[in-house]
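If you count the sequence shown from 1, position 225 lands on 417 in this note's numbering, and the numbers rise without skipping.
Hints in this document: simulated from the structure, not taken from any laboratory.
Please read all numbers here as calculations on a predicted model, not as lab measurements.
Be aware that a few hints might be false.
Stated by the list, open to error - Computed list of lysine to aspartate or glutamate pairs in EDC-like fashion (alpha-carbon distance at most 20 Å, straight line):
hint, residue 1, residue 2
1, K336, E389
2, K336, D355
3, K338, E395
4, K338, E237
5, K255, E212
6, K336, E212
7, K338, E212
8, K255, E237
9, K338, E389
10, K338, E396
11, K336, E237
Said to hold, decoys possible - What follows is a list of derived Cβ distance ranges for each label pair:
hint, residue 1, residue 2, range
12, N321, R424, 36 to 44 Å
13, A282, Q426, 41 to 49 Å
14, R427, E313, 45 to 53 Å
15, E432, D296, 33 to 41 Å
In this text, a Cβ means the ideal position worked out from N, Cα and C, and glycines have one as well.
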Amino acid sequence: MAVDGAAACGEAPRMDVANEIMVRGIVVGVFAENCWVVGNRRTGEAICIDPGDQPDEVLALAKDMGVTIKAIANSHAHVDHILGVRGVQAATGATFLLHQSDLDLLRHGWQGAVSSFGIDESQAPPDPNGFVTNGDEVEVAGLKLKAIATPGHTPGSVSYYADGLLFSGDTLFRGSIGRTDLPGGDFDEEMRSITNELLTLPEETIVLPGHMQETTVAFERDHNPFVRDWLRRQREAAGE
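Based on the sequences and whatever the hints tell you, model everything.
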């Protein structure tokens with residue numbers, strides 16, 4: 193079970209998780225952000241994780257999958273992950289969910305991109321229809337994702353887990369981690385999120401991040417230099 197290699201905008205890596213469940217991704221925007229669509233063949237309903245900033249491409253992906261997006265579950269509210277929300281929601285009526293700690297970032301963080309990257313102000317994201325907290329389940333017909341609070345990259349960063357798949361947003365990448373030098377970032381908090389929440393999942397868990405290629409919990413536990421250095425320093429601090 194694997195996602196095809198790096199995809200350009202309009203190309204969709206895919207995987208079949210079970211007879212009914214399918215996962216496809218598309219890379220969108222100038223930041224090459226991974227948007228993931230998790231759909232149920234039987235019910236025709238789907239959850240979109242981080243719709244990026246090109247809603248038409250995301251909607252085309254869902255159409256190709258034969259599903260309708262019923263929920264938008266964002267990992268966090270940085271500009272490259274949220275400017276597609278309004279367009280996807282307008283076309284589908286999907287419920288938009290976010291952690292409340294990223295609400296201020298959602299409302300104000302995108303504005304600098306208007307001049308820097310030529311973003312159309314009409315893409316400004318709407319307020320969420322609801323908030324997710326640690327342990328909540330995002331559910332549509334035939335699909336369920338568990339929210340795992342993973343603050344650090346942003347105060348309200350969330351990862352989503354189901355059936356051996358982890359959608360890690362910008363918290364954990366292959367061989368790297370999300371940057372913490374932006375407003376609201378906290379390196380120590382992010383490392384605690386990674387080591388205490390994500391790397392405690394089954395080691396065979398496939399990690400589908402917000403940028404770059406897939407990885408696994410086992411690979412990041414054993415090879416991620418940030419993780420290895422953090423764990424070494426924790427052992428030293430404990431006198432081991």
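Against the structure, the hints:
At most 20 Å may separate the alpha-carbon atoms for a hinted pair to count; K336 and E389 meet this at roughly 19 Å. Restraint check: the Cα-Cα separation between K336 and D355 comes to about 9 Å, which is no more than 20 Å; the hinted pair holds. Restraint check for K338 and E395: the C-alpha separation of about 17 Å stays at or below 20 Å, so the hint holds. Only pairs whose Cα atoms come within 20 Å are accepted, and K338 paired with E237 is accepted, the gap being roughly 17 Å.
With a CA separation close to 16 Å, the supplied pair K255 and E212 stays within the 20 Å bound. Annotation: proposed proximity of K336 to E212 holds, straight-line Cα distance about 13 Å (limit 20 Å). At roughly 18 Å between alpha-carbon atoms, K338 and E212 fall within 20 Å of each other, so this suggested pair holds. For a cut-off of 20 Å, the pair hint linking K255 to E237 stands: about 11 Å separates their Cα positions.
Between K338 and E389, the direct Cα distance comes to roughly 12 Å. Compliance with the 20 Å bound is thereby established for this hinted pair. A threshold of 20 Å between alpha carbons decides the hint, and for K338 with E396 the separation of about 17 Å falls inside it, so the pair holds. The suggested pairing of K336 with E237 holds, with an alpha-carbon distance near 11 Å, which does not exceed 20 Å. In this structure the supplied range 36 to 44 Å holds for N321 paired with R424, their Cβ-Cβ distance being about 43 Å.
For the hinted restraint 41 to 49 Å between A282 and Q426, the CB-CB distance of approximately 46 Å keeps it satisfied. Look at R427 against E313: about 50 Å separates their beta carbons, and that is inside 45 to 53 Å. Between E432 and D296, the C-beta spacing of about 40 Å keeps the proposed range 33 to 41 Å intact.
Violated hints for the displayed structure: none, as all numbered hints are satisfied.
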